[in-house]
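**Q** Put chain B on the given structure of chain A with help from the hints.
Chain by chain, the residues:
There are 2 protein chains.
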Amino acid sequence: MELKELDRVLPEEIEKRSFELITKELGEKVLDPEYELVIKRVIHTTADFDYADNLVFSPHAVSKGIRALKEGAHIITDTNMGMAGINKGALKRNACSVSCFMADEDVAEYAKLHHTTRACASMDKAAGLSEDCIFAVGNAPTALVRLYELIKEEKIHPKLIIGVPVGFVNVVQSKEMIMSLPDIPYIVARGRKGGSNVAAAIVNALLYQI
Amino acid sequence: MELKELDRVLPEEIEKRSFELITKELGEKVLDPEYELVIKRVIHTTADFDYADNLVFSPHAVSKGIRALKEGAHIITDTNMGMAGINKGALKRNACSVSCFMADEDVAEYAKLHHTTRACASMDKAAGLSEDCIFAVGNAPTALVRLYELIKEEKIHPKLIIGVPVGFVNVVQSKEMIMSLPDIPYIVARGRKGGSNVAAAIVNALLYQI
Numbered sequence: 001m002e003l004k005e006l007d008r009v010l011p012e013e014i015e016k017r018s019f020e021l022i023t024k025e026l027g028e029k030v031l032d033p034e035y036e037l038v039i040k041r042v043i044h045t046t047a048d049f050d051y052a053d054n055l056v057f058s059p060h061a062v063s064k065g066i067r068a069l070k071e072g073a074h075i076i077t078d079t080n081m082g083m084a085g086i087n088k089g090a091l092k093r094n095a096c097s098v099s100c101f102m103a104d105e106d107v108a109e110y111a112k113l114h115h116t117t118r119a120c121a122s123m124d125k126a127a128g129l130s131e132d133c134i135f136a137v138g139n140a141p142t143a144l145v146r147l148y149e150l151i152k153e154e155k156i157h158p159k160l161i162i163g164v165p166v167g168f169v170n171v172v173q174s175k176e177m178i179m180s181l182p183d184i185p186y187i188v189a190r191g192r193k194g195g196s197n198v199a200a201a202i203v204n205a206l207l208y209q210i
Numbered sequence: 001m002e003l004k005e006l007d008r009v010l011p012e013e014i015e016k017r018s019f020e021l022i023t024k025e026l027g028e029k030v031l032d033p034e035y036e037l038v039i040k041r042v043i044h045t046t047a048d049f050d051y052a053d054n055l056v057f058s059p060h061a062v063s064k065g066i067r068a069l070k071e072g073a074h075i076i077t078d079t080n081m082g083m084a085g086i087n088k089g090a091l092k093r094n095a096c097s098v099s100c101f102m103a104d105e106d107v108a109e110y111a112k113l114h115h116t117t118r119a120c121a122s123m124d125k126a127a128g129l130s131e132d133c134i135f136a137v138g139n140a141p142t143a144l145v146r147l148y149e150l151i152k153e154e155k156i157h158p159k160l161i162i163g164v165p166v167g168f169v170n171v172v173q174s175k176e177m178i179m180s181l182p183d184i185p186y187i188v189a190r191g192r193k194g195g196s197n198v199a200a201a202i203v204n205a206l207l208y209q210i
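Each protein sequence line maps, in turn, to chains A and B. Per my numbering: the first sequence = residues 1 to 210. Per my numbering: the second sequence = residues 1 to 210.
So here's chain A without its partners, still in its complex pose (with noise of 0.2 Å):
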């Protein structure tokens, strides 16, 4: 294979080109003009065509999330790597913040001596927080499991929840649980899949509509 095969496109075109290429095998798949770029951004990070139906949205869950956004909410993801992939230029410029608690001495404390996870832990650390954030939980089921207790719990009002893990036990489950819930706005991938660079595409993806 030589280099001049590649197809010649300027960096900066080379996402415009991904999302016409995504939209021409969509084909003639409708997608609702309100979950659309959320979609197609989260078919960009995984080239992956299941996120097509994979993804559920709660009633005006993106303009709820993008209002929230535009308010300056704070973030709370549950992995660092899900922290990480989360655009940081689009957060200043909306007065947003990102957190992780993961490793974090007082979660890993807590988590040992309440038997539970740091995951858990994380989410009552959250809970402990004067203002109500989003949630971005792309690996553990075990955080959107305490999620759904805290808010039935009404220690908790989350702005958007946005439940991602991946897996093959308690996945399945913990997404059916956030889509259980009546008043809460949430954007879940239905199934196993996900991640915690589906869950920072997804917050990308409300950003970039600002």
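Bear in mind the hints are in silico, worked out from the structure with no lab data behind them. It cannot be assumed that every hint is accurate.
[Unchecked claim] Examples of chain B residues toward chain A, derived with CB under 10 Å:
1) Glu5
2) Leu6
3) Arg17
4) His44
5) Thr79
6) Asn80
7) Met81
8) His115
9) Val145
10) Val169
11) Val171
12) Met177
13) Lys193
Cβ coordinates follow ideal geometry from the N, Cα and C atoms, glycine included.
**A** What follows is chain B alone, placed relative to chain A:
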């Protein structure tokens, strides 16, 4: 959905159970024992069984990668997200280190001056290091293309290239270029799929075998 429907699995058992489920679902598919733990960890990270067929290994790429890590390799990633996903405890135990140059000021200046991408400029910066590195590329095909050029020019001799960028423009070609190199150990996700999460998962799968 009630909490009782969750599988009652201890946190420390979740990964074991997940790998058992992956093994079960792979069914009669035979994986090369040298590659098996890498392939299964990528499936564990993505819940995407396509990786049972996508991942391509140069001869003894896994054992060569493990040997390099045992000797305390320096790993270069093309995203902070990929760097964030690598297990720092496992790195430290093996006296390994990881760098991502993408956000470095000198890289931004070099890219601007040479009308190239920061990913390319990052690879040039890595080529200036005194040691041979492991490259874990999960995002930028231009990073792989630049590695190919630097190898052809004999300016760089990677100990291993993990070539798993994701996307729609030049991604497939960049991976084929790496696979055309006769003497460089590589692990590549053939096709469009991959990601920083996949790159980190492969590094971790090697570290966990030490």
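**Q** Looking at the structure, which of the earlier hints fail to hold?
**A** The structure conflicts with no hint, since it agrees with every one listed earlier.
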